[in-house]
Amino acid sequence: MFVVSLIFSITFFSLGGILVWVLMELILFSVLYYLINKSVSYSDLLSVFSYMVINALGGILVLIGLLVEVILFDNLYGFNGCSLSLSLFFILLGLFIKLGIFPFYYQMFYLFMSLTTNQCYVIMFMPKVVPMIILFSLQIQEFFLIFVLSASVIMVLLSSLSGVLYTDIRAILAYSSISYLGFYFFLLMSGLGMFVLYFLLYYMLLSALWSSFNFFKFNMMVNMSHFQYSYSTKVSVFFILLVLSGQPVFFLFLLKLIMLYNISVSMFFYIIIFFLCYFGNMVFYVRLVLLLSNVQYPFNLMSSAGTIPINGSVFFLSVVMLLFFYLV
Numbered sequence: 323m324f325v326v327s328l329i330f331s332i333t334f335f336s337l338g339g340i341l342v343w344v345l346m347e348l349i350l351f352s353v354l355y356y357l358i359n360k361s362v363s364y365s366d367l368l369s370v371f372s373y374m375v376i377n378a379l380g381g382i383l384v385l386i387g388l389l390v391e392v393i394l395f396d397n398l399y400g401f402n403g404c405s406l407s408l409s410l411f412f413i414l415l416g417l418f419i420k421l422g423i424f425p426f427y428y429q430m431f432y433l434f435m436s437l438t439t440n441q442c443y444v445i446m447f448m449p450k451v452v453p454m455i456i457l458f459s460l461q462i463q464e465f466f467l468i469f470v471l472s473a474s475v476i477m478v479l480l481s482s483l484s485g486v487l488y489t490d491i492r493a494i495l496a497y498s499s500i501s502y503l504g505f506y507f508f509l510l511m512s513g514l515g516m517f518v519l520y521f522l523l524y525y526m527l528l529s530a531l532w533s534s535f536n537f538f539k540f541n542m543m544v545n546m547s548h549f550q551y552s553y554s555t556k557v558s559v560f561f562i563l564l565v566l567s568g569q570p571v572f573f574l575f576l577l578k579l580i581m582l583y584n585i586s587v588s589m590f591f592y593i594i595i596f597f598l599c600y601f602g603n604m605v606f607y608v609r610l611v612l613l614l615s616n617v618q619y620p621f622n623l624m625s626s627a628g629t630i631p632i633n634g635s636v637f638f639l640s641v642v643m644l645l646f647f648y649l650v
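Residues in the sequence shown are numbered consecutively from 323, following this note's numbering.
Errors might be hidden in some of the hints.
[To be verified] Label pairs and their calculated CB-CB ranges:
| hint | residue 1 | residue 2 | range |
| --- | --- | --- | --- |
| 1 | F466 | T438 | 32 to 38 Å |
| 2 | L522 | D490 | 24 to 30 Å |
| 3 | S529 | F411 | 31 to 37 Å |
| 4 | Y428 | I386 | 22 to 28 Å |
[What the hints assert, rightly or not] No farther apart than 20 Å at their CA atoms in a straight line, the calculated lysine to any residue pairs in the SDA-like style are these:
| hint | residue 1 | residue 2 |
| --- | --- | --- |
| 5 | K360 | M448 |
| 6 | K360 | V375 |
| 7 | K450 | L522 |
| 8 | K450 | S529 |
| 9 | K450 | Y506 |
| 10 | K450 | F351 |
Honestly, the hints are just simulated from the structure, not real lab data.
Remember, it's a predicted structure, so these values are computed and weren't measured experimentally.
Cβ atoms here follow ideal geometry from the backbone N, Cα and C, with glycine treated the same way.
Whole structure, please, built from the sequences with the hints as guidance.
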């Protein structure tokens with residue numbers, strides 16, 4: 323489904339903005355159909371309905387921007403270049419709402435907390451594919467580019483500060499996906515190819531991690547410390563968490579270095595702030611890594627539920643890797 327959506331979105335870009343918009347809405351309604359079928363309570367249906375209304379509003383704003391281009395400038399390819407700043411503003415605002423970008427990111431958190439893990443996994447990727455490709459195809463002016471980068475920095479900062487306060491796996495991965503979404507915007511200067519590569523790697527890694535959580539029925543971080551894993555399972559999950567956290571040596575860290583190389587010096591201030599904020603995002607995954615071992619570690623800042631035994635060598639290794647990343 324993901325590959326089909328990606329191929330179709332690239333194909334439709336050559337046919338016109340309206341057709342791309344139709345594809346985007348069809349994918350959204352297919353996701354909504356799945357969520358409604360899997361909903362088991364009235365509160366779940368209310369959350370899905372709220373998600374539908376918000377995304378419908380975003381879709382209407384994108385359509386308004388496209389129609390302005392078509393009516394005033396006879397521009398059928400509005401996603402490839404807007405002639406009017408107002409139409410670009412409507413398109414960006416609609417995409418921000420659909421993707422859950424600051425200040426609209428809280429809709430993703432509340433939706434995650436009301437759905438099952440399988441439903442959360444679906445909405446993390448499927449509805450975001452076409453909007454992200456649209457965002458990368460837009461010829462954004464410098465003013466709007468600074469606005470997008472500022473929003474991405476705020477997203478990473480808020481998600482990093484908020485994510486460490488929860489032990490619910492759905493909340494942690496919701497804030498993690500919000501943080502990664504902010505990182506995607508810094509790939510605007512690196513081209514669509516870099517984004518597709520990073521998105522595919524993140525999708526495959528998180529698929530494996532999410533499958534493990536779903537197989538062992540993990541909903542809370544504390545459940546991880548009470549389960550006896552096989553050695554191969556523990557090593558596999560440990561490796562996936564380290565890669566997702568952006569630790570040095572692994573390829574996601576190398577992609578970040580390539581991104582830094584491609585970004586101009588004028589954006590260096592945003593890069594510094596961004597990576598200072600992104601340091602907190604690694605805590606999401608390092609906490610999960612620590613729970614796979616054996617040392618006394620307080621796993622939640624908001625909960626009074628004790629500590630979990632962890633091996634001191636693993637804790638020391640994690641701290642060293644974090645410091646190495648920070649210095650690099």
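Quick rundown of the hints versus the structure:
Remark: the range hint 32 to 38 Å for F466 to T438 is upheld by a beta-carbon distance near 37 Å. Evaluation of the 24 to 30 Å hint for L522 and D490 yields a pass: the beta carbon distance comes to about 27 Å. Taken as a hint, the range 31 to 37 Å holds for the pair S529 and F411, whose Cβ atoms sit roughly 35 Å apart. Against the hinted window of 22 to 28 Å, the Cβ-Cβ separation of Y428 and I386 comes to about 24 Å, which satisfies the hint.
A hinted pair counts as satisfied when its Cα atoms are at most 20 Å apart, and K360 with M448 qualifies at roughly 16 Å. The hinted pair formed by K360 and V375 meets the criterion: a straight-line CA distance of about 19 Å does not exceed 20 Å. Taken as a hint, the K450 and L522 pair is honoured in the structure, with Cα atoms around 13 Å apart against an allowance of 20 Å. Only pairs whose Cα atoms come within 20 Å are accepted, and K450 paired with S529 is accepted, the gap being roughly 16 Å.
Between K450 and Y506, the direct Cα distance comes to roughly 12 Å. Compliance with the 20 Å bound is thereby established for this hinted pair. Distance restraint check for K450 and F351: the Cα-Cα separation of roughly 13 Å lies within the 20 Å cut-off, and the hinted pair is therefore satisfied.
Figure legend: structure checked against the earlier numbered hints; every hint is met.
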